[in-house]
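Input sequences plus hints: build the corresponding full structure.
Each chain, written out:
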Amino acid sequence: MAASKKSGGHREMLESMYSVIALVFILVACVELCDAAAVVDVYRLIQYDMSGSPFGSRLASLNHHGASLHFPPGADLSRTVLIIPLRELNITFVREYIDQKKPLGGLLFLLPQVFKSENGGNKQIHEIEKLKSMLAELEKLLIHSNIPYPVYFAFENDDIDTVLADIKKNDAIGQPATATTGGYKLVIPTPEPNKVASPTITNIQGWLSGLKADGEANQLPTIAIVASYDTFGAAPALSVGSDSNGSGIVALLEIARLFSLLYSNPKTRGRYNLLFGLTSGGPYNYNGTQKWLRSFDHRLRESIDYAICLNSIGSWDSELWIHVSKPPENAYIKQIFEGFSNVADELDVKVGLKHKKINISNPRVAWEHEQFSRLRVTAATLSELSVAPEMLEGTGGLSDSRQFVNETAIIRGVKLVAESLARHIYGHQGKNVEIFADGSSLAVSPAYVRSWLDLLSRTPRVAPFLSKNDPFIMALKKELADHTDEVNVQNEVLEGLFTFYDSTSARLEIYQVASVTFDLLLLLVLGSYLIVLFSLLVITTRGLDDLISLFRRPPSRKVKTA
Amino acid sequence: MTMFHFFNCAILTFGPHAVYYSATPLSEYDTLGTSIKAALVYLGTALVKLVCLATFLKVSDNEAFDPYQELLKALIGFIDVAGLYFALTQLTHRNISQNHKFQAVGLGWAFADSVLHRLAPLWVGARGLEFTWDYILQGLEANANLVLSISLAALGSLMWLRKNKPKTLIPIIYLCAGIVATMPSITSYLRRGLGWHFPKVVGFELLSSLILAFISWQLFSACQRPSS
Numbered sequence: 001m002a003a004s005k006k007s008g009g010h011r012e013m014l015e016s017m018y019s020v021i022a023l024v025f026i027l028v029a030c031v032e033l034c035d036a037a038a039v040v041d042v043y044r045l046i047q048y049d050m051s052g053s054p055f056g057s058r059l060a061s062l063n064h065h066g067a068s069l070h071f072p073p074g075a076d077l078s079r080t081v082l083i084i085p086l087r088e089l090n091i092t093f094v095r096e097y098i099d100q101k102k103p104l105g106g107l108l109f110l111l112p113q114v115f116k117s118e119n120g121g122n123k124q125i126h127e128i129e130k131l132k133s134m135l136a137e138l139e140k141l142l143i144h145s146n147i148p149y150p151v152y153f154a155f156e157n158d159d160i161d162t163v164l165a166d167i168k169k170n171d172a173i174g175q176p177a178t179a180t181t182g183g184y185k186l187v188i189p190t191p192e193p194n195k196v197a198s199p200t201i202t203n204i205q206g207w208l209s210g211l212k213a214d215g216e217a218n219q220l221p222t223i224a225i226v227a228s229y230d231t232f233g234a235a236p237a238l239s240v241g242s243d244s245n246g247s248g249i250v251a252l253l254e255i256a257r258l259f260s261l262l263y264s265n266p267k268t269r270g271r272y273n274l275l276f277g278l279t280s281g282g283p284y285n286y287n288g289t290q291k292w293l294r295s296f297d298h299r300l301r302e303s304i305d306y307a308i309c310l311n312s313i314g315s316w317d318s319e320l321w322i323h324v325s326k327p328p329e330n331a332y333i334k335q336i337f338e339g340f341s342n343v344a345d346e347l348d349v350k351v352g353l354k355h356k357k358i359n360i361s362n363p364r365v366a367w368e369h370e371q372f373s374r375l376r377v378t379a380a381t382l383s384e385l386s387v388a389p390e391m392l393e394g395t396g397g398l399s400d401s402r403q404f405v406n407e408t409a410i411i412r413g414v415k416l417v418a419e420s421l422a423r424h425i426y427g428h429q430g431k432n433v434e435i436f437a438d439g440s441s442l443a444v445s446p447a448y449v450r451s452w453l454d455l456l457s458r459t460p461r462v463a464p465f466l467s468k469n470d471p472f473i474m475a476l477k478k479e480l481a482d483h484t485d486e487v488n489v490q491n492e493v494l495e496g497l498f499t500f501y502d503s504t505s506a507r508l509e510i511y512q513v514a515s516v517t518f519d520l521l522l523l524l525v526l527g528s529y530l531i532v533l534f535s536l537l538v539i540t541t542r543g544l545d546d547l548i549s550l551f552r553r554p555p556s557r558k559v560k561t562a
Numbered sequence: 001m002t003m004f005h006f007f008n009c010a011i012l013t014f015g016p017h018a019v020y021y022s023a024t025p026l027s028e029y030d031t032l033g034t035s036i037k038a039a040l041v042y043l044g045t046a047l048v049k050l051v052c053l054a055t056f057l058k059v060s061d062n063e064a065f066d067p068y069q070e071l072l073k074a075l076i077g078f079i080d081v082a083g084l085y086f087a088l089t090q091l092t093h094r095n096i097s098q099n100h101k102f103q104a105v106g107l108g109w110a111f112a113d114s115v116l117h118r119l120a121p122l123w124v125g126a127r128g129l130e131f132t133w134d135y136i137l138q139g140l141e142a143n144a145n146l147v148l149s150i151s152l153a154a155l156g157s158l159m160w161l162r163k164n165k166p167k168t169l170i171p172i173i174y175l176c177a178g179i180v181a182t183m184p185s186i187t188s189y190l191r192r193g194l195g196w197h198f199p200k201v202v203g204f205e206l207l208s209s210l211i212l213a214f215i216s217w218q219l220f221s222a223c224q225r226p227s228s
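Listed in order, the protein sequences are those of chains H and F. Following this note's numbering from start to finish, the first sequence increments by one per residue and tops out at 562. Following this note's numbering from start to finish, the second sequence increments by one per residue and tops out at 228.
Since the hints were made in silico from the structure, they are not lab data. All C-beta atoms, glycine included, are put in the ideal place defined by N, C-alpha and C. Treat each hint with caution, since some may be false.
To be verified - Some chain F residues judged to face chain H by a derived CB distance under 7 Å, without partners named: (1) 4; (2) 5; (3) 8; (4) 11; (5) 12; (6) 15; (7) 19; (8) 23; (9) 24; (10) 25; (11) 129; (12) 130; (13) 131.
Next comes the structure, spelled out in structure tokens:
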């Protein structure tokens, strides 16, 4: 009796304990811990719609097993992420997979560390050039296809290299990673990507007014220097565009700095207004430039003598091109070209003239100056590229990173533009006067160029993902404000065909997982261990007969022993 | 799949305790109360130990093996023995035979240890996607710990409860009890002083626990003989 009472008390106690235990369990279950074998920063392939048709990677979240390129032939890859290092990339293989729409769980491209912006690696140039062209080709392929699974880019590091080596070893023995055989699981817990609501483009303009003589009624003529600053690439979070058009921005800022020095002194203040424009929307037919020009009142537009657009001037050796839309026989074009080529001769570089007619009916605007030309403003683009890039190409993608840009090239470019502008402004055409001579107080500053180039090479600048008050835009505005009299920021909505989706970067967690078969086997082993233990204990403490009777008549046992 | 793994590890960690209870005569004599009391005593002992550790031990950032600190830790570890002494001698439950009492106390002791030290890491870690052998090894360690606890309780009951034991065996009993009580320090030395890996340490623990259990069993039955 006492025993039964006591056990009843126990039961109550246990029941009250259960609720406490359950509460504790619920609390603990809420704690989410990340204990992955490796955590890697990954950058998603851009996802966008162009006039309604979908492009890029259409999914973001990932939860699949990893496989290397050495997967056994005929394996089902629809639930597998292929990990492809750029060094081993076979572009025809990827093209085949994408074109034939073969099912894949996902793609993860590993980029060598040399493409990382902070990295100033100087390995075999030849190999890097090969990788660069391969990357450019891959980027072109990915941007222009519609891929129904997640595609990510990551930089190689020790963690992911060991994981990949392990996966390769498994694949080599012909054991593909699936739910039943273990291996590595790649998890990216990201919500569905959302549309970027009304992406803005921000144009920044700086105004440096010239010296107006007393009683002069006419407006001073204006020279515009323009560079588009945003980028577009396969991975928006990696599109830093050091050359296109980081080099143009750097050159523009340095020219603004040099002329602000000249214009701060009334004696050297020129009789031209200078207009500096940092425009956005460059990859989208220079949409921002168009909006910016439309916002001018027509007096200002008519006062523009000519505009120089700077585009990709960071990795040339000896030849730059001036692209124009008016025929070379045009007097203004002739004047600009002669101004540049005179200075170029002194700097020991070559400048070529390229004429490309505008087709008004064609919506494609290949060069920034074409937006000016459409509004009948004389304009030219200075670029190292000899032919116009295609839509969404040469806009600062993955392969356009810092170590492919040459500072001295930019410095020569700056000198070329500044010198020819100064000769035009002060009327020294054809004379051999060096205003921005090396060593003088007006020399081009390599440190300034380098620091801005480094900053730009770290800052992804895809316009839809740059907010109006992005620190980068604020920095550009402040820098331009330091060198000019008046700075205006113009916010516009990026209109047209494009829709963008967010979640451009994420964290990839790689787990080493056991297979279900392993767990089943373990359960079997443990079960038999416990059964053996039970039998052994019963036999040693109560004897074999007890064990047998336990199985024969379990309910009558208690009565017997009592 | 991960819940499955957690389930497996939990079986390995806590299963043997339940099996031990149900397979041996402990269940027939309803010694659950004794085990629960022993577990509560363990909780109290653990608290005292924690306070002592926090008071006397310096916190070292590196995982180096410091002999002085380890000695202190081993001394604090002997609080366990005091707790076990309390559980064996002072707890008056319904009069169960000494034979069953030490088993019940050892079982409760080991179960409380497992719950306190292994349940939380298991819950947090084994449910994750990442697979490691650690939790399976930890379960094996719990098994070794069960064997050791019961051995220590057996030796303790020999030391403190049994009056008429052969004189020649007394030093051996004390020596064995000393070894069993210092096992945590020994394994800690192996792991950090000699830098053994976890699987090796667990293997050592399993082996040594079996050997010590065998010796304790022999001692216990040797003491049993003259009295019966």
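List in ascending order the numbers of the hints, as given earlier, that are violated by the structure.
Structure breaks no hint.
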